Amino acid sequence: MHIFKLLKTFLQVNIQMSLAYRADTVVNMLLNLMWLGWELLSLSIIFANTNTLGGWGPGELITLLGVFRMVNTLMSAFIWPNTEKFNASVRDGSFDYNLLMPVDSMFLVTFSRITVWRAWEMLLAIGLLVSGISISRDLISLPGFLGFLLLVISGMLIIYSLWIVLIALTFWFTKFDNNVTILQALMDAGRYPISVYPVWLRIIVTFIIPIGVATTIPVQALRGELAGPQVLLFAGVGVIGFWLASRVWRAGVKRYSGASS
Amino acid sequence: MSDDVIQVESLSKTYKVSEREAGFGAAMRSFFRRKFKDVEAVKRVSFNIQPGEIVGFLGPNGAGKTTTLKMLSGLLNPTEGRAHVLGFTPWELKPAYLRSMTLVMGQRNRLSWDIPAADSFLLNQAIYRIPDDEYKTTLKELDDLLELGPLLKKPVRNLSLGERMKCEIAAGLLHRPKVLFLDEPTIGLDITGQARIREFLREYNHRTGATILLTSHYMADVTALCERIIIIHHGQLKYDGGLANLSRRIAPFKLIGVLLAEPAAYSLAHYGTPVENEEDADKHYIQVPAGDVAGITARMLAELPIHDITIADPPIETVIERAFNE
Numbered sequence: 010m011h012i013f014k015l016l017k018t019f020l021q022v023n024i025q026m027s028l029a030y031r032a033d034t035v036v037n038m039l040l041n042l043m044w045l046g047w048e049l050l051s052l053s054i055i056f057a058n059t060n061t062l063g064g065w066g067p068g069e070l071i072t073l074l075g076v077f078r079m080v081n082t083l084m085s086a087f088i089w090p091n092t093e094k095f096n097a098s099v100r101d102g103s104f105d106y107n108l109l110m111p112v113d114s115m116f117l118v119t120f121s122r123i124t125v126w127r128a129w130e131m132l133l134a135i136g137l138l139v140s141g142i143s144i145s146r147d148l149i150s151l152p153g154f155l156g157f158l159l160l161v162i163s164g165m166l167i168i169y170s171l172w173i174v175l176i177a178l179t180f181w182f183t184k185f186d187n188n189v190t191i192l193q194a195l196m197d198a199g200r201y202p203i204s205v206y207p208v209w210l211r212i213i214v215t216f217i218i219p220i221g222v223a224t225t226i227p228v229q230a231l232r233g234e235l236a237g238p239q240v241l242l243f244a245g246v247g248v249i250g251f252w253l254a255s256r257v258w259r260a261g262v263k264r265y266s267g268a269s270s
Numbered sequence: 003m004s005d006d007v008i009q010v011e012s013l014s015k016t017y018k019v020s021e022r023e024a025g026f027g028a029a030m031r032s033f034f035r036r037k038f039k040d041v042e043a044v045k046r047v048s049f050n051i052q053p054g055e056i057v058g059f060l061g062p063n064g065a066g067k068t069t070t071l072k073m074l075s076g077l078l079n080p081t082e083g084r085a086h087v088l089g090f091t092p093w094e095l096k097p098a099y100l101r102s103m104t105l106v107m108g109q110r111n112r113l114s115w116d117i118p119a120a121d122s123f124l125l126n127q128a129i130y131r132i133p134d135d136e137y138k139t140t141l142k143e144l145d146d147l148l149e150l151g152p153l154l155k156k157p158v159r160n161l162s163l164g165e166r167m168k169c170e171i172a173a174g175l176l177h178r179p180k181v182l183f184l185d186e187p188t189i190g191l192d193i194t195g196q197a198r199i200r201e202f203l204r205e206y207n208h209r210t211g212a213t214i215l216l217t218s219h220y221m222a223d224v225t226a227l228c229e230r231i232i233i234i235h236h237g238q239l240k241y242d243g244g245l246a247n248l249s250r251r252i253a254p255f256k257l258i259g260v261l262l263a264e265p266a267a268y269s270l271a272h273y274g275t276p277v278e279n280e281e282d283a284d285k286h287y288i289q290v291p292a293g294d295v296a297g298i299t300a301r302m303l304a305e306l307p308i309h310d311i312t313i314a315d316p317p318i319e320t321v322i323e324r325a326f327n328e
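As you go down the protein sequences, you meet chains H and Z in turn. Residues 10 to 270 (the numbering used here) make up the first sequence, in order. Residues 3 to 328 (the numbering used here) make up the second sequence, in order.
Everything labelled a hint here was simulated from the structure, so no lab data went into it. None of these values were measured; they are calculated from a predicted model. C-beta: ideal position from N, C-alpha, C; glycine also. Keep in mind that a hint or two might mislead.
With a straight-line Cα cutoff of 20 Å, these simulated SDA-like cross-link-like pairs (lysine to any residue) come out [what the hints assert, rightly or not]:
id : chain 1 : residue 1 : chain 2 : residue 2
1  : Z       : K18       : H       : I55
2  : Z       : K96       : H       : V112
3  : Z       : K18       : H       : P111
4  : Z       : K138      : H       : W258
5  : Z       : K156      : H       : V112
6  : Z       : K18       : H       : Q25
7  : H       : K14       : Z       : N126
8  : Z       : K96       : H       : L117
9  : Z       : K156      : H       : W129
10 : H       : K17       : Z       : I132
11 : H       : K17       : Z       : N126
12 : H       : K94       : Z       : R159
13 : Z       : K96       : H       : K17
14 : H       : K263      : Z       : V19
15 : H       : K94       : Z       : R131
16 : Z       : K18       : H       : G261
17 : Z       : K155      : H       : Y30
18 : H       : K17       : Z       : A128
19 : H       : K94       : Z       : N126
20 : H       : K14       : Z       : V19
21 : Z       : K96       : H       : R256
22 : Z       : K180      : H       : L108
23 : Z       : K155      : H       : Q25
24 : Z       : K39       : H       : F182
25 : Z       : K45       : Z       : A98
26 : Z       : K39       : Z       : E55
27 : H       : K263      : Z       : T91
28 : H       : K14       : Z       : L124
29 : Z       : K96       : H       : D113
30 : Z       : K96       : H       : R264
31 : Z       : K180      : Z       : A98
32 : H       : K94       : Z       : P118
33 : H       : K14       : Z       : R131
34 : Z       : K96       : H       : P111
35 : Z       : K96       : H       : V262
Partial list, computed: chain H residues near chain Z (C-beta under 7 Å) [what the hints assert, rightly or not]:
id : residue
36 : V22
37 : S103
38 : P111
39 : G245
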């Protein structure tokens with residue numbers, strides 16, 4: 010498979026790039042461990058005073074934190090570095106070379122930069138997931154777990170699609186470096202379960218800004234709160250979102266080649 | 003004509019550019035209601051290029067050279083007109099087309115700054131699906147011609163401009179393109195650097211039979227490489243033909259240089275228009291119509307105490323400058 014061979018080469022090249030900045034890598038890994046400690050500490054403070062948060066117990070919250078961190082890690086590993094590269098390449102014109110490569114431009118824009126040491130964070134996130142799930146394993150059924158997996162993937166697809174749309178906007182508004190900031194702001198809303206927010210904000214977080222979809226909803230499926238059709242509906246939203254995003258991307262590229270000079 | 007590699011037929015490109023007067027008020031007005039102006043960058047340009055040709059694409063800044071190259075490589079959609087390169091319509095960006103052409107822009111980087119060029123090359127190998135043995139042969143050949151050797155192992159940010167350009171060109175040629183679009187490939191390089199790239203392009207064209215269309219600000223690039231040139235100005239095609247013919251058509255005059263026994267005693271002005279010639283400062287030069295060279299030379303030899311006489315073509319820079327201003 011050509012795609013996998015390409016990914017492997019991208020990964021190799023990126024490992025070499027991050028090896029060029031050793032100190033940076035080590036500091037980042039340590040900082041990340043501190044953040045995790047801080048997050049677990051805040052959770053333990055909350056649960057010292059109450060048994061549930063918006064109806065969620067400690068195991069479920071740890072699972073939620075795990076999903077949140079996993080999504081965040083994937084974003085830090087792929088989305089942020091590639092956004093930076095994309096914005097710079099549109100500004101200095103080297104994006105032209107991307108378009109002239111015999112590979113899908115959306116693929117190149119997604120994978121050409123990979124912050125490799127984030128793999129470490131991924132391990133931490135998976136650790137959280139596993140321990141969260143095992144703490145609340147009595148509450149979990151097999152269909153719930155499968156729904157959870159499906160919705161985690163669909164949630165990531167939704168965030169990815171949102172990102173593609175945001176960066177594609179650059180083709181229309183040449184100066185649009187804020188695209189990263191907007192997504193980051195949206196992401197931070199996913200750290201706590203949607204139900205801690207007031208209803209109006211919950212609606213925004215779920216429907217207008219689908220970050221909650223990527224974090225809370227999978228865990229809801231895990232808790233068995235969602236019926237089968239609902240799970241499929243949310244999964245479908247991911248697929249449709251991705252399709253729409255790639256349409257927007259194509260239109261953007263077309264616009265770029267119609268207007269740039 | 004069907005064996006032409008590049009066919010361009012009344013290709014036009016019009017940009018919409020927002021414009022405003024200088025000043026704060028105008029900036030505010032333009033924020034709310036933007037005015038657009040159409041700029042015709044390329045106007046109905048047509049030409050054909052045969053396999054293996056090296057064609058120089060000339061014109062002053064803003065003439066439409068880069069816009070044309072971008073359309074031919076597929077980056078820009080034209081407003082009107084047609085183009086076929088290797089049988090493809092470039093802006094459809096078909097992978098088969100992208101694999102058989104290259105665009106090298108002297109002012110843009112394709113290589114990553116933080117890693118050695120060799121690693122970026124591997125990326126290109128994967129992207130262009132170049133088989134290992136073919137990749138090795140091509141890289142060796144490029145290494146022979148460009149003397150890349152040690153450069154490939156250094157991070158690109160540590161290379162000099164000339165070294166980087168060599169690597170950029172090599173990166174653009176790894177997939178053995180049949181058509182090369184080169185936009186100012188020697189820009190910013192010193193004389194030796196320019197000469198090396200030029201030498202390389204000639205040899206590459208010779209070995210592979212690739213077709214090359216290049217723009218350059220350095221006339222030496224053009225005179226050394228191109229038998230044929232295309233001149234555009236204000237988006238319009240001004241000239242398409244041999245370099246030698248250009249002088250005949252645009253500047254049908256010759257230079258006569260004489261070394262006189264007593265320069266101060268004679269005026270050359272009534273034989274022709276006196277001109278400076280920096281390359282040969284000892285002699286006094288005049289410019290005369292090409293058809294009158296024989297007669298004027300005979301008169302000068304009879305009437306003046308001449309030690310030495312030369313008859314030369316006007317420098318190509320002068321000719322091209324004239325062509326731009328015509």
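Each hint, compared with the structure:
At roughly 58 Å between alpha-carbon atoms, K18 (chain Z) and I55 (chain H) are farther apart than 20 Å, so this suggested pair is violated. Between K96 (chain Z) and V112 (chain H), the direct Cα distance comes to roughly 10 Å. Compliance with the 20 Å bound is thereby established for this hinted pair. For the proposed pair K18 (chain Z) and P111 (chain H), the alpha carbon gap of about 29 Å is over 20 Å, so the pair is violated. About 36 Å separates the Cα atoms of K138 (chain Z) and W258 (chain H), which puts this hinted pair outside 20 Å; it is violated.
A threshold of 20 Å between alpha carbons decides the hint, and for K156 (chain Z) with V112 (chain H) the separation of about 27 Å lies outside it, so the pair is violated. A threshold of 20 Å between alpha carbons decides the hint, and for K18 (chain Z) with Q25 (chain H) the separation of about 43 Å lies outside it, so the pair is violated. About 12 Å separates the Cα atoms of K14 (chain H) and N126 (chain Z), which keeps this hinted pair within 20 Å; it holds. As the CA atoms of K96 (chain Z) and L117 (chain H) are separated by approximately 16 Å, the hinted pair is consistent with the 20 Å bound.
Under the criterion of a C-alpha separation no larger than 20 Å, the hint pairing K156 (chain Z) with W129 (chain H) is inconsistent with the structure, at around 29 Å. Simply put, K17 (chain H) and I132 (chain Z) have alpha-carbon atoms about 15 Å apart, close enough for the 20 Å limit, and the pair holds. A threshold of 20 Å between alpha carbons decides the hint, and for K17 (chain H) with N126 (chain Z) the separation of about 13 Å falls inside it, so the pair holds. A C-alpha spacing of about 16 Å is found between K94 (chain H) and R159 (chain Z), which places the hinted pair at or below 20 Å, so the restraint holds.
With a C-alpha separation of about 24 Å, the suggested pairing of K96 (chain Z) with K17 (chain H) is violated against the 20 Å cut-off. Taking the CA atoms of K263 (chain H) and V19 (chain Z), the gap is near 17 Å; set against the 20 Å cutoff, the hint holds. Taking the CA atoms of K94 (chain H) and R131 (chain Z), the gap is near 24 Å; set against the 20 Å cutoff, the hint is violated. At most 20 Å may separate the alpha-carbon atoms for a hinted pair to count; K18 (chain Z) and G261 (chain H) meet this at roughly 17 Å.
For the hint pairing K155 (chain Z) with Y30 (chain H), the CA-to-CA distance comes to about 17 Å; that is within 20 Å, so the pair holds. As the CA atoms of K17 (chain H) and A128 (chain Z) are separated by approximately 9 Å, the hinted pair is consistent with the 20 Å bound. At roughly 18 Å between alpha-carbon atoms, K94 (chain H) and N126 (chain Z) fall within 20 Å of each other, so this suggested pair holds. A hinted pair counts as satisfied when its Cα atoms are at most 20 Å apart, and K14 (chain H) with V19 (chain Z) does not qualify at roughly 42 Å.
Of the supplied pair hints, the one linking K96 (chain Z) and R256 (chain H) holds, its CA atoms being roughly 18 Å apart against a limit of 20 Å. For a cut-off of 20 Å, the pair hint linking K180 (chain Z) to L108 (chain H) stands: about 19 Å separates their Cα positions. At roughly 12 Å between alpha-carbon atoms, K155 (chain Z) and Q25 (chain H) fall within 20 Å of each other, so this suggested pair holds. A distance of roughly 18 Å separates the Cα atoms of K39 (chain Z) and F182 (chain H); the hinted pair therefore holds under the 20 Å criterion.
The straight-line distance between the Cα atoms of K45 (chain Z) and A98 (chain Z) is roughly 29 Å, outside the 20 Å bound, and the hint therefore fails. Distance check on the hinted pair: K39 (chain Z) and E55 (chain Z) sit about 37 Å apart at the alpha-carbon level, beyond 20 Å; violated. With a C-alpha separation of about 15 Å, the suggested pairing of K263 (chain H) with T91 (chain Z) holds against the 20 Å cut-off. Distance hint between K14 (chain H) and L124 (chain Z) is fulfilled; the C-alpha atoms sit about 11 Å from each other, no more than 20 Å.
Of the supplied pair hints, the one linking K96 (chain Z) and D113 (chain H) holds, its CA atoms being roughly 11 Å apart against a limit of 20 Å. Simply put, K96 (chain Z) and R264 (chain H) have alpha-carbon atoms about 18 Å apart, close enough for the 20 Å limit, and the pair holds. Straight-line distance between C-alpha atoms of K180 (chain Z) and A98 (chain Z) comes to about 12 Å, which keeps the hinted pair within the 20 Å bound. This hinted pair checks out: K94 (chain H) and P118 (chain Z) have alpha carbons roughly 18 Å apart, not beyond 20 Å.
For the given pair, K14 (chain H) sits about 10 Å from R131 (chain Z) by alpha-carbon distance, which is consistent with the 20 Å threshold. As the CA atoms of K96 (chain Z) and P111 (chain H) are separated by approximately 8 Å, the hinted pair is consistent with the 20 Å bound. At roughly 14 Å between alpha-carbon atoms, K96 (chain Z) and V262 (chain H) fall within 20 Å of each other, so this suggested pair holds. A hinted interface residue such as V22 (chain H) counts as satisfied when its beta carbon comes closer than 7 Å to some beta carbon of chain Z; here the least separation is about 5 Å, so the hint holds.
Hint status for S103 (chain H) relative to chain Z: holds, with the closest Cβ pair at about 5 Å, below 7 Å. Restraint check, P111 (chain H) versus chain Z: the minimum CB separation of about 4 Å is within 7 Å; hint holds. For G245 (chain H), the interface hint is violated, the least distance from its beta-carbon to any beta-carbon of chain Z being 31 Å, above 7 Å.
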